[in-house]
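Engineer: Spelled out, the chains give:
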Amino acid sequence: MSVLPYAVAAWLFGIGLYGIATSRNFIHLVGCLGVCQSATYVLLLGLGYRWGGIAPIFYDHPPGTPAVDPVMQALVLTDIVVGATLTALLLVLTIQAHKRGGSLDPEKLRPMRAGGTSGRGQGASRVSDREQSTS
Amino acid sequence: MTVILPLLFLFTAISGTAVVLVRDPARQVFAIAVNGLVLAILFDGLQAPDVALSELAVGSAAVPLLFLVALMAVRTQSPEEKP
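As given, the protein sequences belong to chains A and B, one line each in that order.
Using my numbering, read the first sequence as starting at 70 and increasing by one per residue.
Using my numbering, read the second sequence as starting at 11 and increasing by one per residue.
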């Protein structure tokens, strides 16, 4: 039991990194990043757990009863909220990348251009193609 | 009680693996929701009820809804760009 939380956290982090590295879709990639974040939840709660401890709520328990570490639980609570915010931000960036680049595949995205948006650059190249074909 | 906690850890590892291995994003949403539910049960087993409640609200309801909204936005804007 003492090794299991760390093993599960390492496994979740590794499989999340594998998913990020091999993902061909940005939305799938954000989901894999969520798996990496869940590894940190498991690691922190496994660090603070005590065998036989109660939840750190002393309403109907006498003070001094062995309890699990409440600091780790506060950290995990913050981590969950920050993770949800990060997921929302990355999904918005994904939608913008799809709007500008035309694809959700990281391999198929057009490179960003220095001047102006890539959409404008594409329109300019289309116009130049038309001019070449008419002339 | 000594059996439940390792079992919950194993379920967490399995559901996290399922989230990664389901490659279609429309199906991955369900895997993410199940992963959030399993994580909430694990946190309750680890004597963290407030974290479990927050994970249940965020990881099992809010984040899959965000993914659904993102999928909807991507699908509705893709036919306009094809022509």
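Mixed in with the good hints, there may be bad ones.
Said to hold, decoys possible - Covered stretches of chain B (in silico footprint by chain A; criterion: 3 or more residues with CB under 8 Å from a CB of chain A, positions within the stretch not fixed):
#1 21-29
#2 35-42
#3 53-59
#4 69-82
Stated by the list, open to error - Just so you have them, the derived chain B footprint on chain A, three or more residues with Cβ under 8 Å:
#5 104-110
#6 137-145
#7 164-175
Derived by calculation from the structure, the hints in this document are not laboratory data.
Please read these numbers as outputs of a predicted model, since none were measured by experiment.
Quick reminder that beta carbons are idealized off the backbone N, C-alpha and C, glycines included.
Engineer: Checking each numbered hint in turn, tell me which of them this model violates, lowest number first.
Structural biologist: none
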